[in-house]
Amino acid sequence: DVKVTQSSRYLVKRTGEKVFLECVQDMDHENMFWYRQDPGLGLRLIYFSYDVKMKEKGDIPEGYSVSREKKERFSLILESASTNQTSMYLCASSFLSGNTIYFGEGSWLTVV
Amino acid sequence: DAKTTQPPSMDCAEGRAANLPCNHSTISGNEYVYWYRQIHSQGPQYIIHGLKNNETNEMASLIITEDRKSSTLILPHATLRDTAVYYCIVRVAQNSGGSNYKLTFGKGTLLTVNP
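For the protein sequence lines, the chains are P and Y, in the order given. Note that the first sequence covers residues 2 to 113 in the numbering used here. Note that the second sequence covers residues -13 to 101 in the numbering used here.
FYI, nobody ran anything at the bench for these hints, they're computed from the structure. Yeah, the Cβ is synthetic: ideal placement off N, Cα and C, and Gly gets one too. Any given hint could turn out to be false.
What the hints assert, rightly or not - Okay, the calculated beta carbon distance ranges per label pair: (1) Y:ARG2 to P:VAL3: 25 to 35 Å; (2) Y:LYS93 to P:SER81: 27 to 37 Å; (3) Y:LYS55 to P:PRO40: 37 to 47 Å; (4) P:LYS54 to Y:ASP53: 20 to 30 Å; (5) Y:THR51 to P:GLU18: 22 to 32 Å; (6) P:GLU57 to Y:THR12: 45 to 55 Å; (7) P:MET55 to Y:PRO101: 44 to 54 Å; (8) Y:PRO(-7) to P:THR101: 32 to 42 Å.
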């Protein structure tokens, strides 16, 4: 079975803090993605990566950065957390030419 | 990606088959039909996908009409744990380079399995 593991399920952070969300996949997938999901807005892509050290902006990259130092690991960084970044964050992965995207369980981030 | 239409909610008795419909009348020839589900507070879970032929795996069956304008996801023996929002998505095959990253989840169908 494909396993996409997100390190934290629930986090509460203060405004201005630097936040790291970690994601690991065990299927040797080339592609990894970070989405956020908000009620009424659906899934929105923040960043994706198709190889180690490669990254591409998604639809809403502002306020976020990412790091992919190893193939299996993709980190999402909130440089200075703000209350409008309170959301559910989803990591996902897929093969480079694969059709199917597999998701982690999600990380609920609350910024106060 | 083509737009899909699903009923907002459905009920099913535990142990019975759940048949979830999806309309995708503007689907293109190179677009696949995908089904995901999302249990409350969890990430979406891949269920099954198909292009033209009917497909079956350990979770479900997918029936695609001959004109490909609609499909039905079948959970043969629904359990309480199958209560979730089910999303039908149509999307093109992913090209090399990882360019097809967009997944558009509509509102889906809330399936409630009752004891």
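Holds or violated: 27 to 37 Å for the Cβ distance of LYS93 of chain Y and SER81 of chain P? At 33 Å between Cβs, range holds.
Is the gap between the beta carbons of ARG2 of chain Y and VAL3 of chain P within 25 to 35 Å? Between ARG2 of chain Y and VAL3 of chain P, where Cβ atoms are some 29 Å apart, the hint holds.
Holds or violated: 20 to 30 Å for the Cβ distance of LYS54 of chain P and ASP53 of chain Y? 45 Å Cβ-Cβ, so the 20 to 30 Å window is violated.
Okay, PRO(-7) of chain Y versus THR101 of chain P on CB: inside 32 to 42 Å? The hint (32 to 42 Å, Cβ to Cβ) is violated, given that PRO(-7) of chain Y and THR101 of chain P are roughly 25 Å apart.
Assuming the hint says 45 to 55 Å, is it satisfied by the Cβ distance from GLU57 of chain P to THR12 of chain Y or not? violated, 28 Å
Distance restraint evaluation - LYS55 of chain Y, PRO40 of chain P, Cβ atoms, bounds 37 to 47 Å: Violated - the Cβ-Cβ distance for LYS55 of chain Y and PRO40 of chain P, about 30 Å, lies outside 37 to 47 Å.
Has the hinted range 44 to 54 Å been met by the Cβ atoms of MET55 of chain P and PRO101 of chain Y? holds, 49 Å
22 to 32 Å as the expected CB spacing between GLU18 of chain P and THR51 of chain Y, which holds or is violated: With a Cβ separation near 52 Å, THR51 of chain Y and GLU18 of chain P fall outside 22 to 32 Å, so the hint is violated.
Comparing the model with each numbered hint stated earlier shows that hints 3, 4, 5, 6, 8 do not hold.
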